[in-house]
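**Q** First to last, the protein sequences are chains A and B.
Using this note's numbering, the first residue of the first sequence is number 1, and each one after it goes up by one.
Using this note's numbering, the first residue of the second sequence is number 1, and each one after it goes up by one.
Among these hints, one or two may not hold up.
Stretch by stretch, here's where chain A covers chain B in the computed footprint (C-beta under 8 Å, at least three residues) [claimed, not checked]: (1) 237-244; (2) 343-357; (3) 430-440.
Because the hints were derived from the structure by calculation, they are not lab data.
These figures come from a predicted structure and were not determined experimentally.
Every residue, glycine too, gets a C-beta built ideally from N, C-alpha and C.
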Amino acid sequence: MTDRTLPTRTPVFEKRLKQRYASERRFKALGLGAIVFSMLVLLFLLGTMTINGIGGFQRAELEVPIDFTEVGISGDAIQMEQGAAIQSLGAQGLQTVVEFYAAAALGEEAAAQLDANAWREVAREIIADESILRGTTTFELPASSDLAAGYAGEGSPEMRQLAGELSERGVLAKNFDPGFLTRADATNPQQVGIWGALKGSILTMLVTLALAFPIGVLAALYLEEYAPRNRWTDVIEVSINNLAAVPSIIFGLLGLAVFLWIFPNLRSAPLIGGMTLALMTMPVIVIAGRNAIKAVPPSIRDGALAIGASPVQLVFHHVLPLALPGILTGTIIGMARALGETAPLLMIGMRAFIATPPEGFTSPATVLPVQIFLWSDEVNRGFIERTSAAIIVLLLFLLLMNGLAIYLRNKFEKSW
Amino acid sequence: MSPAILFLLALGLALAGWLAARARAWSFRRADPGVRMAARPTYHAWYVALWIALPMLLFGVVWTILAPNLVNQAVLASPAAADLPAFGFQRDTILSEARNVASGASSAVFNPEAQALVEPFREAMTRYAWIGIAVSLVLAFLGGAWSFLRLKPDFRARTRVERTVMTILLLASLVAILTTIGIVVSLVFETIRFFGMVNPLDFLFGLHWGPDPMSSPDNPDPTRYGAVPLFWGTIFIGAIIAMIVAIPLGLMSAIYLTQYAAPSMRRWVKPALEILAGVPTVVYGYFAALTIAPSIRDIAQFFGASNPSSESALAAGLVMGVMIIPFVSSMADDSIAAVPSAMRDGSLAMGATKSETIRKVLVPAALPGIVAGVMLAVSRAIGETMIVVMAASTAANLSANPLEAMTTVTVQIVAMLTGEGSFDHPATLSAFALGFVLFMVTLALNFIALRVVKRFREAYD
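One chain only, chain B, in its complex shape (with noise of 0.2 Å):
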């Protein structure tokens, strides 16, 4: 049964149930013209469509997730399963190549054992299928009459519609604590099964990475999980580095468009700045690869460094900072904006130069402003991944020298996920507490960003 089949039968009936409830409430006033509705007929109707719908949708999210379990059980169960292979790899992909066939999503077997399953594959999902929408039509059946049968002249259906939306929209705004807790569950988790395979002291203070996906999952060796290099890699390209771009020229050109520029380039410039920001990261990474890698090593090369890598921290770290430079530079803008001009006409009026005025007012009153934005820019270049995964290394590197290979956190969790490695291996899991550090630090980034913001604020106001 497709998803989008029960949508669309629950969006029909809810359509039915929404005329006849309609009709029903205006049969109401037909019948007694004197009677006094408690509500308008609209929300007669729409009581009974939410009874028909909501049920139907609840059940066809949970019958979705549900349903291929079920089919499988039923196929394992079946005599024809009883010859697979007893666990493990070969047994799953005889599975999956069945269940395409039967699905139509391929057109043959490539394994012949795979063969006898089509058939118990097919017989189940039509059986579940026809479960699924039976049980779906009894469920809109059953609310929609319960429904249409309270239907009164004063029955008050415009607060059991609004209460319903009250709580969807309750609902709705939930979302983004149930994504938190949904991260945080799956990085701790995973991240707690890591550390029982190394100990955390070995993964944060240890200097030496170089995982091997390919070695025996059991007794991983730790000396080869020592993060240290990651997290200097990450905070020299992108705490470093991309803030020795981004920070003057950000700032800078913040000042530049705020204090000097006319209105009519201000008009101009700021949605080229915007342009800068909303360039994907794949095409910066892509520009670092392909343009500045290469010639930031012919430019060592000829200023006599020997041996500069192509895949040096300086060129990830050098566009990573002209990516950052809208965000610093609006960031910038807001703070500067917010220091009262009061302090500026003051400032003027003592006989200070513009630039002295920005130098030694604006730029100090709004300093905690700018330090926070600084610091949403770190979060934000930590974090970053595709300039990192095309520009810089993958092999860790404990060195000061930007001319050399580096390589960051992101590089590493898309290094150890996309690679062969199995879920259960250390390799694997170790992306996780990778991504674990990534996200606190992150999170902790933030959360000291905004509060330096809100007590800045606080003190103009």
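Next comes chain A alone, as it looks inside the complex (with noise of 0.2 Å):
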């Protein structure tokens, strides 16, 4: 072929023409640019959380071996329950026996590095299993949160210089602390749980989801099927969507203005705490609800009330199990949102330092997020371990709520 060109394909134009190329090739780099950093943000921060996280579900431990034959503490108290054993264990001298044998095994430098409550473990462990009394049992004892501090290259040089004679020694171990997730909230960060946080979280939620979906299902039921389009429903719609995006602290300002003030003696209840998070979880059910109402067709409609239904067997025969898996879907994302709300229930006075789990849902508690919140606040450096498992645990909650959402979202989505 001959190299001959089009007119208009001057030198002036296929250099224009290399530019616009060229802008269009920025362009389509920078989105594509926009969309790795925010995966980049994401993976590092889901990183970080999981580097740090991973040794806050282990503590360091002393290897203490105890010959319980030598030492008469007698078994009769583990008939009793609970509380009251460790107390009778403790009234025979378990603490000075369990010091005296780290003493022997460590050196008295390194058993003064126990922890202080290390004893109330082994008194657990024999009332777990009597059998240990009539033998020699090597215990993993927590060590004091300063030598563990040393055991992590940080804190006094005494104590990293104790800390590597232990480890090489091979006394001296991070361990994984199945009792991170069975204990409550603690000062020493050696001795802390998420347990307590948990079980505040997971009674909040049933007062929320016990509240809010009943009367968002309903509501959006009202709203989509039988509202007449006058001012009324115009006015119920705008105070829905605005609430739906009023900031979370506002309905803690709200809670604690009329929750606190009706009941004065449920401070930092689960009850309150779930009443106020209802009170935000409700417009997003409604505002999912709806959407799934939208979604079922006119024709199921047309056919019900063809055979002869009324208005109201229409929707809760027929339209109301249609929508649900739609309602659901919104509702299981309304309450992870719930779940990871903090601000809130600071408000209503959930971040009291609270060291047992709570009974009821009128006993005061604490949530996870709080917790979370209290944590990263304290001076102590074995706390931000803790803290970014307390967060893991956290992102698995929301991760399994939120794969629940979208399972339900693939299993029953119908097009139609």
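These two chains come separately, so use the hints to put the complex back together.
**A** Written as structure tokens, this is what we have:
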């Protein structure tokens, strides 16, 4: 072929075209860059939390062999209920026994760095298995938070040296700490656990679900199926849309001014927290519910009416069952948001230090996000890892809930 | 009386009524097989069940709120309460201690004065619990008997039940209005009390913020309640720094996802962005405080900034911007998708490249929607609490330097309400005034944004 060009393809044109294509490529790269940046931030965030958090599920423990055949501790106490049994073992001098064997095995200096509550863990193991009292057992007991800091390469030089010596002898190591999932808050990072906060979260979420789900679904049904087009309906719709966008802290102020005024004795109770979060979650459920109801085709309604169903029968026998998967998806997403919510719960006093898991809906409690907030404020370096571990637990729960929502959406999604 | 027991009792009695009424309705038909029932037996059953359960539950709600006050009054009227201190904090402590012991929440009293009150408390609680149960049983019986006696073959039970159901539906949707009213009333009420102590003009236009919760609540110093530094900090962090991050990144990722990305990539990236939106704010706050803020300080120091703050506005703003990216992105996504494809096709047919089409046709056409999305994003950013509580400072500072410590409205609300101050102190009440301002501003932003979106949608329909 000859290199005959079209008359418009002048060199100037060629140059401009090249520039335009270059700018096209730049623009595309910018778009990709924005996405890559967002993904990198997400990965970095999750990565730091995971790396820090893995250490939070472990704790520094000292190996202490105890020969119970030589000490006269009686096992009678074990039949009692747990608190009394531990007290009875303590009265028999279990703490001294533990300290004595720790000193014998590790040396005086290291034994002083045993956690002050280490003997309670020995007591618990004895209660779980009485045969321990008839032989020699090696216990993994928590080190003091100073020694733990030394082991992590922080803290005072003496502790770092002591930790180095002990870990070389193989008696100090970081072990997985199952107690982290079963204990409640404490002042010492070696002794903290998240069960207290988790239980508080679960109780709070139950209250939220019990209030927000029925009210939200019923309101969505009313607005979508029955509401006459008039000013009242407009007011309801506007207030629901506005509530969905009101900052969460405002709901906290409402809870503080109204709920705590009605129930002054229930400060920081899951009941009040759940009621506050329910007001926040309800609009989300209403909006999701209306969309799900809207998606039910009119032919179903016409069919039901044609065979003589009343409007209420039509909605409760036909529309609601068909819209339910969509409503449930919206509800789970709303609940996931409520589970991660912190600010309104701070307002109604759920930030108190609570060392025992809540017993019911009216006992003082804290929730997982607030626990994370409280630990992040602690000065003790040992709390950093614990905080990240708590964050991992929270994120796992959120992932589970969102995964369930996506599963429901994919499984029940219908195109009519 | 525990509300749970009452609730279960109501359910059980309603079930009994349900079964009895259905049996009765069937008996009409058995007695006279030719009878034409006005409603199916199930509706008769529901009619009676509702008449049993609803009065009981309504009474239960009222009683749960009322009973503690009645118990308190009974205890205060008892002779044991005569030697209580007259008013104030100590009296409340003693009362609540005695109440806790009497209800079994704690095992022993700390104040010896409280010991004498435990018995009166326990007595009063038992008495009112029994009164509550008795009254609710009477109500259930009356409601059940009355409705049961009305059952007849030609009784229109379905209409009645459906009317009740409709009323319940209406009430459920009124909860939203009640909540809005509750928010406005509680904020306005406390704000008026605050403005009774501090001049609104001093509050809205004063340049110095530093309430002292420990000072005397009478005659507060109005020069310490100037909220302008808080407003500035909020705008600077939420509307300027965060938006500088969120708008370009959110808009560009929306454009890439809608215009360039292959469907397979879209399938993965969209959920990932949703994860970014679903991370709780307390986690972002921790991330900002632990990772971002110290590195920003170190970088600033490396470049010779003198004494940068470790609680800089920049750290909080950047992380908040990242949090907002998915929000801006999904709003932009929606408004770009709403532009008619004829406009896009026309531009491409004229020989424009894809990026030229996007920049010169799609984005300008979608601009109202994008602007509305940004307004919604701003309203979310200025109401965001945990990131700034954890990463920003509590010291008010009127400055345009992003490396300096700044505080925001939400930080101060948290600080004022979680401190030790009493509820009547202007410092505590100022939190409600700040909340009111925040509420009004977010409301206005949302209102305008929704209007813009609506008008914009109509323009292309």
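**Q** Compare the structure with each hint and give your call.
**A** Each hint tested on the structure:
1. Remark: the region 237-244 of chain B is not confirmed as covered by chain A, as 0 of its residues place a Cβ nearer than 8 Å to a Cβ of that chain, below the required three.
2. With 4 residues having a Cβ less than 8 Å from any Cβ of chain A, the region 343-357 of chain B passes the three-residue criterion, so the hint holds.
3. Counting residues of the region 430-440 of chain B whose beta carbon lies closer than 8 Å to any beta carbon of chain A gives 5, which meets the minimum of three for the stated coverage.
Hint 1 from the list above is the single one not met by this structure.
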